[in-house]
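As they're listed, the protein sequences go chains A and B.
Per the working numbering, residue 1 is the first one in the first sequence, and the count goes up by one each step.
Per the working numbering, residue 1001 is the first one in the second sequence, and the count goes up by one each step.
One should not assume that every hint holds.
[Claimed, not checked] Below, in silico cross-link-like pairs of lysine to any residue (SDA-like), each with a Cα-Cα straight-line distance of 20 angstroms or less:
1) B:K1007 with A:F131
2) B:K1007 with A:T130
3) B:K1245 with B:H1225
Hints in this document: simulated from the structure, not taken from any laboratory.
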Amino acid sequence: MAAVSMTQVFRRDRVGMVSLAVVGFFVLLAVTAPLITALYGKNPTEHYGQNETGLLSPEGLPVLPNGGISAEHWFGIEPGLGRDVLAQLLHGIRTSLLIAFASAAVVAVVGVAVGVTAGYLSGLVDRAFTFVCNVLLAFPALLFLLTLGPVVQTRFVGPEESEPAWMQFTVLILVFSAFGWVPLAMVLRTVVRSLREREFVEAARALGASRRHIVFRELLPNVWAPVLVHLTLAVPAIVTTEAALSFLGVGINEPLPDWGRMISRGSEVFYDDPTYMVFPGVSLLVFVLAFNLLGDAVRDALDPHTVR
Amino acid sequence: MTRYLLKRVAQAAAVLLAITALAFALFYAAPSDPALIACGPRCDTAQVEAVRASMGLDRPLLAQFLDYAGGIVTGRTIADVDGTPIPCPAPCLGYSYTLHQPVLAAIADRLPVTVSLAAGALTVIVVLGVGSGLAAALRRGRPTDRLLSGFSLLGASVQIYFLGYVLQFLLVYTTGLVPLPRYVPFAAHPAQWALGLLLPWLVLGFVNAAVFARLTRSQLLETMHHGYVRTARAKGLGTLRAHLKYTARGAAGPLVQLLGLEVGALLGGAFITETVFGLGGVGKLAVDAVNGNDLPTVVGTVLLAAFFVVVFVAVADVVVAWLDPRVRLA
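This is chain B alone, in the form it adopts within the complex (with noise of 0.2 angstroms):
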C-alpha cells in the first residue's frame, strides 16, 4: 500500500508540473503580447511597459517560466503597475494588475463561497445520486426505477444555465417560497447561509446527481449478479449483509473515482452556477477575470482547479486501492 501511494503522488505531481507549464506556454507565451492582456484594456501604454518588466517579458521565455513556477514554491515580490513593490508569498499565482492584489489572495477572498457551494451540492449530490440509484437498483424493472431513471436523464440534459432561472422565476420571484440567492458567511449566520444558497444547491445537486444515479444504479446492478455475492447468500449471510459487505464493496470504485473527480471540479469553481445565481466564488472570478483580460488571474484560476482535480482524483485512487486489492497489486 505504501508503495502505491508513493507512486500515486509521484504521478500526481509530475500532472500538476505538467499543467503547470502547459497554462504558462499557453497563456504567457501564445499570445502576442501578455502584458497587453495582463494589465487589462483600461492601461496606458507607460503601464503595459511597467506591466511588462513587472512581469519580466523581455527576458528570456524559460527564464521566465522557472521564476513562475520558482514562485509557487517559495514566493516572489512582484512590482505593482506604478512600480510599489507587493510580496507575494508562496505558493505565489502571480499578481492580478487589475485588481491590484496577487492572485491568491483574491482567490481567498472568494474561497469560502465556492467551498460553501460546493459543499452543499455534494451533500445534494450524493443522498440523491446514490439514493435513488440505489432504489432503482433494488425496485429494478418496476415503476419506481422507471420514475427514477427517467427523472435522473432529465438531470442530465437539463441545463444550468436554464433551470437555474427557471426555479429562480418560479420560487423567487413569483412565489417567494425561496429568498434570492446569496452569500452570508457561516460563521456570521449558519441559517441564513444556508437559506441563501438553497436554491443553488439543489440546482447544481441535481444536475450533477444525475450521473451517479445512473452509475450507481449499473454498478449495483452489475456487482449483484457477480458469483461471489451469491456464494455468500448461499452460505447464509442475509441480504442486508451480503449487500453491506460484498456488493457495497464492489460497487463503490467507480462511485469513489466519480466523487473525486467531482469534488475536485466543484472545488474550482462552479463558473456556471455562480454566474446565474450571482454568487460571487472562484468561478465568477474566472469568468469577470477572462471577459475583463485579466491574465494573471485567469492562470491562478486554471492551475487551483487542476490542483483540486488532481489532488482528489489521486485521493480517490488510494481510496479505491484500499477497496480493492487487485487496484494496488496490478
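Next comes chain A alone, as it looks inside the complex (with noise of 0.2 angstroms):
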C-alpha cells in the first residue's frame, strides 16, 4: 500500500522523473561502454595521438582546435598520450559508479546492522557505539584515504610492483564503507529508538516475541525509507570523493580511466587545452546534480512530513 502510493508520488515530481532518467541514462552507458567502443571503433588505453602523426603538437598539444575534436575523436584527444577522450570518459563511468555501487551496498548492510542493534538496544552498547561514531566523525577521512595508498603498498605489494586493479578498488571501497556507515547508523538508531516505544512493537514483546523477531520483523520493515534516502545521497558523494583523490593524484592508478584523473590532467594544461578538462568535469557536474535531485525526489516522495 505504502509502496503504491511512495511509487505515486514520485511520479507526479516532474523533476525526480528527469532526474532519474539522466542517472539511468550514466547507468546504461556504464554498463554498455564497451560495446559503445567498439562500435564507436576506438579504446581507451590506445596512444592514437602517439601512433597517427598530425594530430599532436610536438608540445604534445592536440593540433586540431578545441581539444581535437574531429570527425575520428568526438570528443578530441588527450594532451600527451593522445588517448581517445571519448572512450575514457565512458569508461570512467564503469570505474566510479562500481566503487561507489559497492561501497553503498556495503555501507547500506553494515550501517543498518549497526544502527538498528544500537538503537534497540540501548545501554552500554549504544555507548560503545556513540563514542566509535564521535571518533570516525572527527577522523579526517580524506586525508586518511589519501595516506593509506603507501601504507598499502608497502605492506601488501613490493617496492617495483604497481598495484594490482582489484586491490585498488578494494582498498577504495572498503575504505569508503569504513566511513560511509557512520551517518546512516546515527539517523537508524535515532529512528528506531522512537519505533520502540511504539504500540506496535509494545504489542510484540508482550505477545512473547523473540529479539530477533522484534529487530528483523518489526523494526526493519520501518527503516527502509530514511536507509534508501541515505544511499542515493551517498552515491554521488562517493563518486565525488573517488574523483578528488584521484585529482589530488592517489585513488585509481593508470590505466584504468578515472573522470578524477583526467580532470587533474586537465588541470596541468588547462589554460593550453581547456576543453579536456570541459568534458570530466561537466559530466561529473552533470551526473551529480542528477543523483542529488534524485535524491531529492525519493526523499519527497517517502516522507510527506518534510516541509518542501
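Both chains are sitting in their own frames, so use the hints and assemble them into the complex.
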C-alpha cells in the first residue's frame, strides 16, 4: 500500500523523473561502455595521438582546435598520451559507479545492522556506538584515504610492482564503507529509538516475540525509507570523493580510466587545452546534480512530513 | 551547565586520545617498514637505519606509542638522519625527515595561509548560506525561493577542482578581473591579502554555503510552524520580534552544529582548494607529505585536523546546550 502511493508521488514529481532518467542514462552508458566503444571503433587505452602523425603537436597538444575534436575523435584527444577522450569518459563511468555502488551496498548492510542494533539495545552498546561514531566523524577521512596508499603499497605489494586493479578497488571500497556507515547508522539509531516505544513493538513484546523477531520483523521493515534516501545521496558523495582522490594524485592509477585523474591531467594543461578538462568536469557535474535531485525527490516521496 | 561542560570536555579528550591511538596504529604499525616511508624515497640504507633508531622502531609498539603520545604532552628530543639531536617542544607531533624540521614547526609555518583561507571562506559561507536560506524560507514557493534553491543545489553538486579552474580561466586568465590567487601575509599588506585570496574564498565559500542554505531554509520553515511561534504571534508579538526571539533561537541548533564541524574541517586544511589555487597551507603540506611519503608529517596533519574538528564540534555542542535547555538536561 505504502509502496504504491510512494511510487505515485514520485511519478508526479517531474524533476525527480527527469533526474531518474539522467541517472539511468549514466548507468546504461556504464554497462554498455565496451559495446559503445567497440561500435565507435576506439578503446580507452590506445595512444592514438602518438601512433598517428598530425594529431598532436611536438609539445603534446592537440593540433586541431577545441582539444582535437574531429569526426574521428568526437570529444577530442588527450594531450600528451593522445588517448581518445570519449572512450576514456565512457569507461571512467564504470570505474566511478563500480566503486560507488559497491561501497553503498556495504554501507547499507553495516549501517542498518549497527544502527538498528544500537538503537534497539541502548545502554552500554549504545554508548560504545556513540563513542566510535564520534571518533570516526572527527577523523579526517579524506586525509586518511590519501595516506592509505603508501601503507597498502608497502604492506601488500612489492616496492617495484604496481598495485593490481582489484586491490585499488577493494581498498577504496573498504575505506569508503568504513567511514560511510556512520551517518546512516546514526540516523537509524534515532529512528529505531522512537519506533521501539511504539505500540506495535510493545504488542510484539507482550506476545512474547524474541528480540530477533522484533528487530528483523517489526523494526527493519520500518527503516527502509531513510536507508533508501541516505543511499541515493551517498552514491554521488562517493563518486566525487573518489574523483577528488584521483585529482590529488592517489586513488585509481593508470591505465584504468578515471574522471578525477582526467580532471587532474586537464588542470595541468588547462590554459593551453581547456577543452580536455571540460568533458570530465561537466559530466561529473551533470551526474552529481542528477543524483542529488533524485535523492531529494526520493526523500520528498517517502517522507510527506518534510516541509517543502 | 557546568556539569554538561565537564562531561563534554572529558568526551572530547577521550575521542582525541582514541584518534591518536588509531592514527598511530594505522601509520606506524600497519606498514611493513615505517622507517622507509618516513625517510622518503631519497634515503639510502644507512639513513633508513638512522631513522629507524630515531623513531624507536626497534622497541615494543606500546613503548613507541607512549613515547609519541608523551611527546605531545611534554615534548621530547628527536635525532635527525645524521644524528643531530633536535629539541621538539610540546606539543611534539614528531619530526619530518624530509623537511628536516619538527612537524609542528612545519605546520605552524603554513597555518596562517589556512587560517586566512578559512576565515574568508567562513564569512562567505555564513553570509551566503544563511542569507539565501533565510530569503528562500521567507519567500517560500515563489520564484526567489526556486532560484535560490536551484543555486544552492548547483553549489552542492559542483566540484572545487572543476569550478576553481573554470573561474581561474575566465576571471584571471581571459579577462584579468581578479589577480592570480596567492598568499600575502595580512600584516604585510591587508589589501593584497584580501585580493589574493578573493577567488579561493568565493569558490570554497560557494561550494560549502549550499549545505547551509538548504539547512537554514528547512530549519526555519519547520520552526516557523511550531506552536510556540504561533502562540507568541497570537499574543500580539510583532512578526520580526517573534521570528528573532523564537524562530531564530529554535532553528539555530543544527546550524551551529554544522558551523562547528565546518570551522574545524576548514582549519584542518582545505586540501583541494589549496591544491587548485597553489596556496601553501596545511592542506597542501598534507598532500605533499602523502605524495612524498613523509609519514610523520602525515600523522601530524591528521591529528591536527582531528583536533580542530573535535574542539569546534565540542564548542558548538556547548553553544547549542546554552541555546536549548533540553540538550543540557538530557
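Restraint check for K1007 (chain B) with F131 (chain A), where alpha carbons must lie at most 20 angstroms apart:
Since the Cα atoms of K1007 (chain B) and F131 (chain A) sit roughly 13 angstroms apart, the hinted pair holds (cutoff 20 angstroms).
Regarding the pair K1245 (chain B) and H1225 (chain B), is the alpha-carbon distance no greater than 20 angstroms?
holds (14 angstroms)
20 angstroms limit on alpha-carbon distance, applied to hinted pair K1007 (chain B) and T130 (chain A):
holds (14 angstroms)
Comparing the model with each numbered hint stated earlier shows that all of them hold.
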